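Enquirer: Sequence:
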Amino acid sequence: MDRKRQQNVFVAYTPYHIFISLIMALSGGDKDEDQHLIIVSNFSDAQLMYKSLLSCPSLPFKEIVFYKGEYNLDILNSFQRKFARFLGVRRICRDLVSHIKHEKIDKVYLFNEDRAYSLAILDYVSKQKGAVKASFVEDGTTNYSSYIERKKMPYLIFGKIFYGLWWKNVPVMGTSKFFDENWAFFPDFVRPELSDKVKKQIPLKGILELERNQIAARVLLDYEFKLKDIQDLNAIILLSHSSVIARFPEYKSMLLRVIQKAQSLGYKVDSGSDFLNLNNQPNVTRLRSSAPLEFIFILARDNIQLVVSDLSTTALTARLLLNNAKIVSAGVLLGSKDERFLNMLDALGVKLPKSFEEFDQYL
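Position one of the sequence shown corresponds to residue 64 (this note's numbering), numbered consecutively onward.
Since the hints were made in silico from the structure, they are not lab data.
What you are looking at is a predicted structure, and each value in this text was computed from that prediction instead of being measured.
Please note that the accuracy of each hint is not assured.
[As the list claims (entries may be wrong)] Simulated restraints, written as ranges between beta carbons of each label pair:
#1 Asp365 <-> Gly91: 17 to 27 Å
#2 Leu383 <-> Gln191: 28 to 38 Å
#3 Tyr218 <-> Gln294: 28 to 38 Å
#4 Ile224 <-> Asp365: 49 to 59 Å
#5 Arg351 <-> Lys324: 44 to 54 Å
#6 Asp158 <-> Arg351: 28 to 38 Å
#7 Lys315 <-> Gly227: 44 to 54 Å
[What the hints assert, rightly or not] SDA-like, lysine to any residue: derived pairs with alpha carbons at most 20 Å apart:
#8 Lys289 <-> Arg351
#9 Lys262 <-> Asn276
#10 Lys260 <-> Ser239
#11 Lys192 <-> His165
#12 Lys231 <-> Ser189
#13 Lys289 <-> Ser118
The C-beta atom is built at its ideal place from N, Cα and C for all residues, glycine as well.
Could you build the full structure based on these sequences and the hints that come with them?
Expert: Next up, the structure:
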């Protein structure tokens with residue numbers, strides 16, 4: 064009698080989740096396993112990403128399933144939009160659990176424990192008495208930071224009434240007793256609240272497979288990039304929201320100086336936004352904000368010399384994927400006081416200037 068193949072599913076809510084799902088699936092686990100990917104469209108251009116992946120050769124997934132989430136609901140009335148959002152989330156929760164049942168999934172990889180979708184799946188896992196396993200995969204900085212979520216009581220009560228008794232506050236993601244493992248790029252820095260979980264490093268060999276199979280290049284073509292423009296990038300500057308930077312006028316001036324200095328050296332810069340009024344500037348490319356940044360890092364890693372970020376996951380993935388680049392985070396300048404995460408960045412060699420003068424020195 065043939066042995067049943069194990070069925071694993073990755074449930075992704077962001078491009079970062081999709082990136083990790085790809086490299087974990089491409090890393091070549093047990094040959095008796097099938098990998099599935101579910102995308103819930105809670106980010107800009109999610110359907111574009113889904114269709115692009117379907118057109119890629121050598122995908123490691125048995126299937127890719129797409130659920131239209133609550134992102135950009137086309138309803139003008141704000142009350143209707145909020146109510147429709149709750150209805151949509153509840154529907155997706157039900158559909159996700161039904162799909163996992165139908166496909167006889169043996170293991171679920173979740174990147175975010177706090178979302179209603181994940182809580183509904185974990186509620187299902189809890190009722191299977193060990194027949195279905197769940198693993199937590201890092202959601203970015205939350206795996207390493209000191210952040211603690213505190214939902215207000217009215218919101219919790221409403222959620223339990225509207226979604227189910229399984230709806231709850233998750234102070235620290237990844238702490239559910241139903242997670243048997245914690246997958247992270249930097250397991251040595253995982254926050255102490257997760258110390259009771261088996262720590263596993265996300266396998267890095269999948270990154271090379273992602274490049275070799277030309278999946279990254281194929282996806283970026285659908286985002287209307289010219290691959291030559293991406294491969295020639297020397298510096299990437301990632302900006303916080305314009306409302307944040309507006310509170311720090313010196314920061315905006317400093318970014319402009321960075322770009323001007325790079326231009327004077329003949330560097331090709333990707334600015335990621337245009338509120339700096341960089342249209343038609345020589346050697347400056349605007350990054351489509353929804354594009355998967357990790358794919359850009361993979362294609363341009365031989366040329367990128369500098370990455371300027373805030374305190375987002377970008378600083379981590381840049382450090383992971385770009386061996387020769389200087390990574391500078393403006394987190395301290397923008398007011399971050401998360402000592403645990405700042406110490407991690409410092410240990411990884413990410414520059415953390417404490418003044419604008421010091422920032423200039425790093426450049």
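Enquirer: Next, verify each hint and record whether it holds.
Expert: Hints versus structure:
Asp365 and Gly91 have their C-beta atoms about 25 Å apart, which keeps the hinted 17 to 27 Å range intact. A beta carbon spacing of about 34 Å between Leu383 and Gln191 agrees with the range 28 to 38 Å that was offered as a hint. A C-beta distance of roughly 46 Å is found between Tyr218 and Gln294, which places it outside the suggested range of 28 to 38 Å. At about 54 Å, the beta-carbon gap between Ile224 and Asp365 stays in the expected band of 49 to 59 Å.
The beta-carbon spacing between Arg351 and Lys324, approximately 25 Å, falls outside the hinted interval of 44 to 54 Å. In this structure the hint that Asp158 and Arg351 lie 28 to 38 Å apart at CB holds, the actual value being about 29 Å. At about 46 Å, the CB distance of Lys315 to Gly227 agrees with the hint of 44 to 54 Å. Our distance criterion of 20 Å between C-alpha atoms is met by Lys289 and Arg351, whose separation comes to about 12 Å.
Straight-line distance between C-alpha atoms of Lys262 and Asn276 comes to about 28 Å, which puts the hinted pair past the 20 Å bound. Between Lys260 and Ser239 the alpha-carbon distance is near 10 Å, which keeps this suggested pair within the 20 Å criterion. Proximity of Lys192 to His165 is assessed by CA-CA distance (about 18 Å); at most 20 Å being required, the pair is judged to hold. About 15 Å separates the Cα atoms of Lys231 and Ser189, which keeps this hinted pair within 20 Å; it holds.
In summary, the hint linking Lys289 to Ser118 is supported, as the alpha carbons are separated by about 18 Å, within the 20 Å threshold.
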